[in-house]
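Got chain A sorted already, so can you dock chain B onto it with the hints?
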Amino acid sequence: MAMYEKTAEHFQEKFKELPEGHLLVNLGPSHPATHGILQNVIQIDGERVVEAESVIGYVHRCFEKLGERYDYNQFLVCTDRMNYVSTPLNNIGWILTVEKMMQIQVPERVTYVRMIISELSRIMDHIICNGIMGVDLGAFSGLLHLFHHRENIYQILEKLTGARLTTTFCRVGGMERDIYPEFVKEIKLVTEGLKPALKEFHELLIRNKIFNERTAGIGGISAEEAIAYGFSGPNLRAAGVAWDVRKDDPYMLYDKVNFDVPVGEDGSALHRTLVRMEEMQQSIRIIEQLIDGIPEGPYHADVPHTFLPPKDRVYHNMEELIYHFKIIMHGVKVPPGEYYHATEAANGELGFFVVSEGDKSPWRVHVRRPCFWYYQAFPKMVKGGLLADTIATMSSLNVIAGELDC
Amino acid sequence: MNEAILSFLQAEFSQFLIPNREIQTNLFFITLKKEGILPVCKALKEHPNFSFSFLNDLTSVDWLGKRSPRFEVLYLLKSPKSGHNRIQIRVPIEEGEEVPSIVSVYPGANWPEREVFDLMGITFSSHPRMERLIMPDNFVGHPLRKDYPLEGPGQDYLIQDLLSIHVNEDIEKD
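Protein chains in written order, with UniProt numbering: chain A, 1 to 406; chain B, 1 to 174.
By construction, these hints were calculated from the structure, which means they are not laboratory data. Mixed in with the good hints there might be a few duds.
Said to hold, decoys possible - In the SDA-like style, the derived pairs of lysine to any residue whose C-alpha atoms are separated by at most 25 Å in a straight line are:
id: 1; chain 1: A; residue 1: LYS65; chain 2: B; residue 2: ASN138
id: 2; chain 1: A; residue 1: LYS14; chain 2: B; residue 2: ILE93
id: 3; chain 1: A; residue 1: LYS360; chain 2: B; residue 2: LEU64
id: 4; chain 1: A; residue 1: LYS383; chain 2: B; residue 2: MET130
id: 5; chain 1: B; residue 1: LYS146; chain 2: A; residue 2: LYS195
id: 6; chain 1: A; residue 1: LYS333; chain 2: B; residue 2: PRO136
id: 7; chain 1: A; residue 1: LYS360; chain 2: B; residue 2: ARG145
id: 8; chain 1: B; residue 1: LYS81; chain 2: A; residue 2: LYS65
id: 9; chain 1: A; residue 1: LYS360; chain 2: B; residue 2: HIS127
id: 10; chain 1: A; residue 1: LYS65; chain 2: B; residue 2: PRO136
id: 11; chain 1: B; residue 1: LYS81; chain 2: A; residue 2: PRO250
id: 12; chain 1: A; residue 1: LYS380; chain 2: B; residue 2: GLU131
id: 13; chain 1: A; residue 1: LYS256; chain 2: B; residue 2: ASN138
id: 14; chain 1: A; residue 1: LYS65; chain 2: B; residue 2: GLU131
id: 15; chain 1: A; residue 1: LYS14; chain 2: B; residue 2: TRP63
id: 16; chain 1: B; residue 1: LYS81; chain 2: A; residue 2: ALA223
id: 17; chain 1: A; residue 1: LYS195; chain 2: A; residue 2: ILE284
id: 18; chain 1: B; residue 1: LYS81; chain 2: A; residue 2: PHE63
id: 19; chain 1: A; residue 1: LYS360; chain 2: B; residue 2: LYS81
id: 20; chain 1: A; residue 1: LYS360; chain 2: B; residue 2: GLN24
Just chain A, with the same shape it has in the complex (with noise of 0.2 Å):
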């Protein structure tokens, strides 16, 4: 760890005299139960936690300089790099920004199967931070129970996007591609799936004693607290804080569908957990919404500027061959000013600050990540509980490395 020299003076200093039977124990960087590589160093007395910190950094990539480097187009790819479960939801909330920026009305189809792979990938993620907590406190099963359903979903985004897990999936004015025909046939399956597996899930792992008692009220937080720290989507909401961006805020339709903001009591990991699931089912409520009604029409907007045109009609028309060299070589040409814009991805709030002076590339990005402001709260949630309920609050707080560092 030579390249940390200060953090490990910053630790000795602070974990400088040591009781008599205190333990230093380093949980990562590279732990099965830290998702991704990050580190906690923990001063434990006996079964006891006394002091705790986190260390950040390990897969830092820097991508607000690449942002800058950039075109708008291009970091599209980046953004799929974030939270790595749930890819579309970083792409659609890239896109929305640069969409509201250049004034773009994109046409209703490309709304509602937006929308649709939106809730899809919220079930992805949640399925994830659901099962993988039940793997690290013991219990494979449900994990593998839901898996297949999750495996479904990813053979429906890799039919529609071409790849399973960095989608890249939307463009500037739209899609890069229309749905394929046993679009709405797929999902709709994938969604009566999902009923029962979601119930068994719950009667599996929520309600197992074991479970219940490894996470009721651990690693609990206030709602005055998980505000103050910055807190946002379902860990907030498990606190009893009804806020979520998709009503507070409306983007695309979700001021149109019916759905409900599930809300825990006591912010402990059994309620992250237990509002998970309720999302869950709320996704599949808004999924239902929307299946049936998906528009006809074109899949992109009607701004020639900004997205490739189809190879066959670049092969034989010299027009459609200039715009796509534009396109290529000067990118999407944004107006100058700057915009935030806040969608509700699976972990929370995730924004998009973008700064223009109507260049190829914008002059700075900012990303509001949800789980780089939780984690920062993780060493006082910690600080008390024992060892193992620190693999509980990690777990339940859903910390995503690629997202986290950026």
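Just chain B now, kept in the frame of chain A:
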């Protein structure tokens, strides 16, 4: 709502307000002197009608070669009142100036301020622990500054010159 906030700030904190410059933005914003950030944040948080209790975002912009002063620290506050209204506070500062830390008002500002220090090189005074957060401790420079070379230290050119430099190299080769 925004007019009410503006008139409240003009009545109470007129000594800190700087006239806004013309920006195309979707956020309601005010510009403050750096001395004013702590009292204004405190007042906006504690005011019963506004109650900006949620620090939504904290970031900074480097305007090298575009504007003076060089840096701007941007605070985005959100209030659950009045339909989750957002307000942006802009604090322009020159290189080497310190900004008061707002950790005492919003505990959540701890890591974002360290991140701004780490990547942009803006120091926050009276912060509990002003050290690098993301980059290694022995890292030289602040990578989000516009004059930080894209290909790492030792390269004396900027990002915007990168294309022309390589083109010139190719021409010289021929």
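**Request:** Against the earlier hints, flag every one the structure doesn't satisfy and list their numbers going up.
**Result:** 2, 5, 6, 8, 9, 13, 15, 18 and 19
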